[in-house]
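**Q** Here the protein sequences come in this chain order: A and B. In this text, residue positions in the first sequence follow the working numbering: the first is 1, and each later residue adds one. In this text, residue positions in the second sequence follow the working numbering: the first is 1, and each later residue adds one.
What the hints contain is simulated information worked out from the structure, not anything from laboratory work. Note that the structure is predicted; figures quoted are calculated from it, not measured. Accuracy of the hints is not assured; some may be wrong.
[Claimed, not checked] Quick list of in silico lysine-lysine cross-link-like pairs, DSS-like style, CA-CA up to 30 Å:
#1 A:K2 / A:K50
#2 B:K315 / A:K315
#3 A:K410 / B:K315
#4 A:K261 / A:K315
#5 B:K410 / B:K50
#6 A:K315 / B:K410
There are 2 protein chains.
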Amino acid sequence: MKQVIDTLRANRDQALNEVIDLVRIPSISPGLPHPEAITEAANWLERRLKNAGMDEVRQLVSGEYNPVVWGRKHISDDLQTVLFYGHYDVMPPDPLDEWTSAPFEPEVRDGKIYGRGTADDKGQALMHINAVETYLKVKGTLPVNVLFVIEGEEEQGSEGLEELLDSHRDLFAADVAVISDSPFFSSDCPSVCYGLRGIAAAEIRVEGPSTDLHSGNYGGAIANPIEFLARILNDLKDRDGRIEIEGFYDDVLELSPDERKGFAKLPFDDTAFCRDLGAPAPYGEENYSTLERIWARPSLEVNGVTGGFGGEGTKTIVPSSATAKISMRLVPNQNPDHILELLESHIRNIAPPEVRVSVTLGHGGQPFLAPIDDPFVRSAYAAMEQAFEGHVHYIRDGASIPIVASLASKLGATCLLLGIDVPEGRIHGPNEMLIVDNYHRGTEMIAHLLELL
Amino acid sequence: MKQVIDTLRANRDQALNEVIDLVRIPSISPGLPHPEAITEAANWLERRLKNAGMDEVRQLVSGEYNPVVWGRKHISDDLQTVLFYGHYDVMPPDPLDEWTSAPFEPEVRDGKIYGRGTADDKGQALMHINAVETYLKVKGTLPVNVLFVIEGEEEQGSEGLEELLDSHRDLFAADVAVISDSPFFSSDCPSVCYGLRGIAAAEIRVEGPSTDLHSGNYGGAIANPIEFLARILNDLKDRDGRIEIEGFYDDVLELSPDERKGFAKLPFDDTAFCRDLGAPAPYGEENYSTLERIWARPSLEVNGVTGGFGGEGTKTIVPSSATAKISMRLVPNQNPDHILELLESHIRNIAPPEVRVSVTLGHGGQPFLAPIDDPFVRSAYAAMEQAFEGHVHYIRDGASIPIVASLASKLGATCLLLGIDVPEGRIHGPNEMLIVDNYHRGTEMIAHLLELL
């Protein structure tokens with residue numbers, strides 16, 4: 001193993017140049033302004049995977065979607081298969097005038113490489129390739145079968161890959177999926193992310209009179225849809241933010257004492273959190289810390305509300321209707337469809353007879369969890385610990401990454417979120433950057449992981 | 001008196017022709033599309049008041065506002081002065097294609113005269129003039145001093161007249177003001193309106209984080225301004241619609257048993273009321289009927305609410321802010337300024353510390369009441385009873401007519417709302433009409449009133 005690591009270290013300059021080469025290709029996906037750049041990036045990766053020693057490399061295309069670059073090295077049917085996921089598409093670089101160096105002319109300054117896609121996700125995808133290639137070249141074989149899946153549409157919803165996962169499931173069969181597309185907890189806190197929240201969205205509409213009414217002629221004698229909507233929203237949560245939908249928490253997997261202890265050790269300060277957000281005070285479900293509330297507790301948020309007159313000045317009406325858009329973040333083992341059913345029946349139960357209340361159910365997404373006592377998760381932890389020579393943290397994330405949930409549910413693979421970018425890396429913003437040392441250590445982490453799995 | 005009435009009856013055709021002449025002038029005020037028609041209508045009325053025997057007739061102009069046609073017949077310093085209020089401006093006639101006959105070519109069909117301004121308010125203004133003129137011609141004098149105030153800006157807020165009431169109060173000094181610009185309770189229920197609600201408006205704004213936040217990364221750990229606004233709105237009223245602002249009802253003048261008995265006799269049906277509005281059920285403060293709620297109980301309505309994402313689809317955010325516009329309808333003896341203070345301090349008391357809550361106080365307008373046992377009101381009732389030969393009802397109106405409150409408060413005059421248009425007269429809509437018989441009887445009513453005051 002020492003030889004693998006030594007070789008990786010000897011070839012660091014070349015590995016960094018590869019990031020520069022790939023980032024130079026402006027493979028923006030949202031809006032598709034450079035379709036030829038998408039093709040160029042996919043071709044670049046196809047060649048790169050071939051050079052890395054894959055048995056078989058293909059570009060898989062579903063419909064009009066950007067190609068998925070797919071590569072396989074099959075060692076033995078007796079070995080487990082590791083799928084390495086990444087994406088070569090990037091976000092548009094606007095606003096251009098805020099970049100210090102041009103977004104598609106990568107530049108290294110102060111140990112950081114700047115450019116659109118350095119962190120999200122070209123650098124992290126190359127980290128996988130270089131580790132596997134070097135391991136294979138040094139040792140002549142691999143301790144696992146590997147699959148590379150590098151898609152071109154992550155920034156606009158991964159729909160092409162989702163279709164391929166359904167239509168060509170055999171090409172993606174894997175025991176473990178390694179996804180490096182997420183940040184450390186903080187730049188000095190290497191972390192393994194083992195859980196994500198799911199989602200369930202809905203819209204509540206309250207209708208009263210068939211048109212807006214003059215509040216002088218009707219005010220006080222007819223139910224006001226905005227006020228009745230406000231009641232319904234109030235009846236969804238108690239004053240501490242605990243959700244009052246019957247059965248809502250029934251399936252929630254509680255945090256273990258170890259998990260809570262681990263979260264509590266992370267450098268996190270409520271005061272700084274609120275100051276950064278410009279919010280007056282923290283708020284949320286009693287007896288849980290802010291990180292626990294975001295990572296491991298379900299939430300319900302009203303995302304938008306509209307009703308009546310919203311212009312300048314005054315218009316004294318009793319409005320005809322009011323609407324609220326809500327979305328819930330779900331945690332393991334909640335099921336989005338079941339939660340939406342509970343929401344709908346809760347609202348049906350509390351709907352007052354003086355108005356008409358309707359609920360439109362929206363999309364749902366599964367939560368994700370790879371428990372920290374899972375052997376694969378333990379291996380990932382150990383690999384990161386070896387590569388980064390410091391204390392590694394177990395973290396979760398409050399957001400949803402639909403492709404992770406899909407890889408887990410469609411393939412039955414254990415997903416390992418081993419991202420090495422940092423919160424200040426400004427992915428999607430100007431001056432996106434990747435810490436060069438993280439990139440090199442991340443490559444070693446993948447090599448260790450191959451050994452440990 | 002019989003001779004006055006006989007003369008009025010003999011001249012009915014001529015009186016109707018005057019309505020036709022005046023309605024032909026398209027003196028639209030909102031948007032001022034015909035400034036020359038405003039001048040023409042004002043000049044027409046100036047001539048008409050001179051012919052009616054006024055001592056002095058003037059066009060009063062404040063700033064850029066349309067002229068107020070003012071006329072006076074002073075009989076004696078020992079007599080009371082009656083101010084007759086009306087307006088010669090009209091609403092635009094759109095949608096034009098829904099009119100059976102052209103809006104400015106008045107036509108009599110089935111005992112109704114159709115045209116923009118027939119009911120609102122040219123016909124009713126002419127009713128005053130014809131009654132006073134005939135009384136004066138037949139009897140050679142008047143039992144009261146009279147003042148005519150016919151403005152040209154009622155449809156856009158009466159601001160010119162309001163300014164003149166302040167700057168030239170001596171020209172408007174009166175003991176009683178007769179305002180004929182409102183409908184009967186229904187076409188077969190002649191009615192004297194003796195009370196109007198006032199108004200007080202405000203905007204409540206709740207601010208949380210300084211920008212919209214991703215609900216995955218923050219949902220459940222930060223106060224959501226929409227939800228906190230919903231709480232505040234909930235804390236303004238109980239579930240029956242009773243307002244929970246401390247001290248809100250302290251000054252409310254309760255209805256007398258006679259008033260309640262009178263309202264209960266009016267032909268009003270909750271089921272039909274809801275059906276017409278398209279609302280599922282009646283709603284409002286317990287122990288009050290719908291008419292009582294609208295006419296004599298204060299109300300608080302949310303007129304509009306905005307916050308977060310209002311577009312198509314889903315945007316999973318914790319919004320940065322949310323705003324509600326509210327307005328309250330006030331009843332005698334509530335004071336708008338005091339009520340706005342109570343609202344502000346109530347909201348300050350219930351504002352949760354996790355968000356920033358601000359209240360912007362808006363405009364206020366006084367409620368109006370001329371008690372039914374007031375001698376002037378009794379005279380108005382008797383005059384209407386004589387002219388319409390049927391049971392006359394005392395009614396109130398839930399809306400605010402700012403000029404009525406101003407005439408009452410600025411001049412200290414008792415205001416009599418003696419309108420004779422009908423709810424189906426479609427003022428402001430296409431095919432506006434005035435019932436010809438109501439016009440003629442209304443003229444007789446004014447003559448009786450002169451005698452009775």
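**Q** Quickly compare the C-alpha distance for B:K410 and B:K50 to 30 Å and report which way the hint goes.
**A** Holds: B:K410 and B:K50 sit about 27 Å apart, inside 30 Å.
**Q** Does A:K315 lie within 30 Å of A:K261 when you go C-alpha to C-alpha?
**A** Judged against 30 Å, a Cα distance of about 54 Å means the pair is violated.
**Q** With the threshold set at 30 Å, check whether the alpha-carbon distance from A:K315 to B:K410 stays at or below it.
**A** holds (26 Å)
**Q** A:K2 and A:K50: Cα distance at most 30 Å?
**A** Distance of about 25 Å is within 30 Å: holds.
**Q** Under the criterion that the straight-line Cα-Cα distance not exceed 30 Å, is the pair A:K410, B:K315 satisfied?
**A** holds (26 Å)
**Q** Hinted pair, alpha-carbon criterion (30 Å max): B:K315, A:K315. Please report holds or violated.
**A** Between B:K315 and A:K315 the Cα gap is close to 28 Å, so the pair holds against 30 Å.
In summary, the one numbered hint that this structure violates is 4.
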